[in-house]
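*Asks:* Protein chains in written order, with this note's numbering: chain A, 13 to 345; chain D, 13 to 345.
Think of the hints as simulated: they come from the structure by calculation, not from any bench. Do not rely on the hints blindly, as some may be mistaken.
When chains are identical, the list treats them as one kind, so a pair holds in a single copy or across two.
Claimed, not checked - Simulated pairs of lysine to any residue, SDA-like, Cα-Cα distance not exceeding 20 Å:
#1 Lys56 with Ile20
#2 Lys56 with Ser149
#3 Lys56 with Arg153
#4 Lys56 with Ile303
#5 Lys56 with Val33
#6 Lys56 with Ala43
#7 Lys56 with His203
#8 Lys56 with Ser37
#9 Lys56 with Gly125
Protein chains: 2
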Amino acid sequence: MRSGERRITLADVAAEAGVSVACVSIVMRGAPGAGEATRERVLKVAEELGYRPDSRARLLRSGRSRLLGVVFDVRHPFHHDLLTGLYDAAGAAGYQLTLSAVTPRRGERTAVGDLLQDRCEAIVLFGGNMRSAELASIASRLPVVAMMRSARRRDVDVVHNDDALGSHQAVDHLVSLGHRRIAHVDGGTVHGSAERRAGYQEAMRRHGLAEFIRVIPGGAAEEDGARAAERLLVDPPTAVTVFNDLSATGLLDVLRRNGLSVPGDVSVVGYDDTSLSRLAHIDLTTIGQDIDGLAARAIERAVERIEGTPSGPRAVIIPPRLVVRTTTGAPSR
Amino acid sequence: MRSGERRITLADVAAEAGVSVACVSIVMRGAPGAGEATRERVLKVAEELGYRPDSRARLLRSGRSRLLGVVFDVRHPFHHDLLTGLYDAAGAAGYQLTLSAVTPRRGERTAVGDLLQDRCEAIVLFGGNMRSAELASIASRLPVVAMMRSARRRDVDVVHNDDALGSHQAVDHLVSLGHRRIAHVDGGTVHGSAERRAGYQEAMRRHGLAEFIRVIPGGAAEEDGARAAERLLVDPPTAVTVFNDLSATGLLDVLRRNGLSVPGDVSVVGYDDTSLSRLAHIDLTTIGQDIDGLAARAIERAVERIEGTPSGPRAVIIPPRLVVRTTTGAPSR
DNA sequence: ATGAAAGCGCTAACAC
DNA sequence: GTGTTAGCGCTTTCAT
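Whenever a hint applies, use it, and build me the whole structure from the sequences.
*Replies:* Right, dumping it as structure tokens:
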């Protein structure tokens, strides 16, 4: 038998406390203009009645929702880490988050649509494959911040990790260990792959290792890394930088199954510092993205656009950092 | 320059189409009571103007939100799989989902609070450590469906996997392979651990293997499995059933590092069929939960409570299924 | 088949 | 310091 037969409204609290609804509204919002005695009594009555403000009505009336929509993909572990940071940053800025998930059976289009209907004031998009034109049509309605992807539009803010720099860090680390024959397994057509690949190539050239540049086509999945490892087996380099941790895991597995020791024969560096890379038996050296930094800057951009003070650069690129674990060491050959 | 200066309302569409707002409302909802010609014209104008109904206003007026709140934990991979199923089930029942995440810095209390304020009509809770009494106080306000946990309350529906049966399936599988000395690494104080442990013990007794019952204290994390493996090393059984996949992964790692082959020397069975267990180099035999079944039943329970037709049992227990991979085989000893 | 009008629960002017 | 009033954008009788 549940008691939630009728929701308690401001009017109920007002009647019970013997004041007007406006007065209760003031008290509930903590706005100035109410006596201490009244304030206390109203709060007490609200508490007793189990009153909860109706955010819909409130937002409808005030014209603002102070709501930030977030589109994330349930399949991507990194998105979940980022959500954590985003909640903190949004809360600090006085905004609430409203989440809309992309699932194998629920596209970005749908996810964004729901958010628009919720009248959030800006949308933060995690990755995704939405085309620039589509992004632009959303951006024409409300501020859009795209994370972990690029967007060739002046009206879309982008906040992401510096992929090229991450690749530089990986290569620098391996070179400092004494490696020269360093290969790269890329991410295929996934967002960020081109930048990471170019970063690898540039870093190799910077170290005078242009002749050792070797890019193996890969992808974002474990199998992609496994396939790449098989191609590498013929003539193994002493080190490999891989597009992401998952692919690196697949590569590690195939390498070891074929009798190569890591890091004895081959050193491996992943990307993203996902929980997978931290597992004891994987313990992968990787490039970690600054999650809280990314989150804070994304919220900052969104709020600036909402509140009409668009300052600073349109694109925010955050430097990643190297996380050394046990899959890298000095070359034995 | 974005054009979303002002939101387009029903009135705008009505004015543009030369009809009343009520008429537009009818058309937009697809309600009966509008001529075909009018309907088409209104739809065309709405499209041109880029009109989007304001869900807040709509719900405020109609008194219903048709919104189901979901509390999930960003850290739990299984929760994400379940979200996918839940979106489908909710959509089919004519409800929308509103997500509220639990993060390392955002508790269940906060997550539920936001949902209450959003005036959703029921709450679906994934796991969590909320106490029964607290759950009850929420349930006194609106229907609550708890998933992947139990609740000793008549007013809280629970929908979860049959943990005891899962353990039976694991033991049956191992016994059919010829194992007798089968140990169990439990989940400590985590929800479901007691049931899985009891199921293991009962299955062992059922097979006349009571004398081989051996329970090692564990937990939900990888390290818990690793620690348990170290204790097992002294006198290894021929098979182990583990509380979950993550713990099983830690156990596998320690076993192999100590020269034991899997499944040659020891067979291992996990629980949950998470993406981790599917990784090529882990390829763990495990117990899979019926995600779509769980999701469908949870939505069903929630909707029944909302619409006032509470029929059927309060608790829904769904049978899991064995997923055989490569960590189990016939015993060599 | 369509329109006028009331009001969902709340906030924001303004008056008292 | 507190109450009155007028809506926010929409749905929903009830007339027409």
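*Asks:* Cα distance capped at 20 Å. Does Lys56 pair with Gly125 within a copy, between copies, both, or neither?
*Replies:* between (40 Å within a copy, 19 Å between copies)
*Asks:* Taking 20 Å as the upper bound on the Cα-Cα distance, should Lys56 and Val33 be classified as within, between, both, or neither?
*Replies:* within (15 Å within a copy, 42 Å between copies)
*Asks:* When no copy is named, should Lys56 and Ala43 be tagged within, between, both, or neither for a Cα gap of at most 20 Å?
*Replies:* Within one copy only: 17 Å inside, 44 Å across.
*Asks:* For Lys56 vs His203, is the C-alpha pair at or below 20 Å within one copy, between two copies, both, or neither?
*Replies:* Answer is neither: 53 Å inside a copy and 37 Å across each miss the 20 Å cutoff.
*Asks:* How would you classify Lys56 and Ser37 at a CA-CA limit of 20 Å: within, between, both, or neither?
*Replies:* Close inside one copy (14 Å), not across copies (41 Å); limit 20 Å.
*Asks:* Have a look at Lys56 and Ile20 and pick one of within, between, both or neither, based on CA distance no larger than 20 Å.
*Replies:* The answer is within: 14 Å in one copy meets 20 Å, while 40 Å across copies does not.
*Asks:* Within a copy, between copies, both or neither: where do Lys56 and Arg153 come within 20 Å Cα-Cα?
*Replies:* between (42 Å within a copy, 19 Å between copies)
*Asks:* For the identical chains here, do Lys56 and Ser149 meet the 20 Å Cα criterion within one copy, between copies, both, or neither?
*Replies:* For Lys56 and Ser149, the Cα distance is within 20 Å only across copies (18 Å; inside one copy 48 Å).
*Asks:* First find the shortest C-alpha distance between Lys56 and Ile303 inside one copy, then the shortest across copies, and answer within, between, both or neither for a cut-off of 20 Å.
*Replies:* neither (41 Å within a copy, 44 Å between copies)
The structure does not agree with the numbered hints 4, 7 stated previously, though it agrees with the rest.
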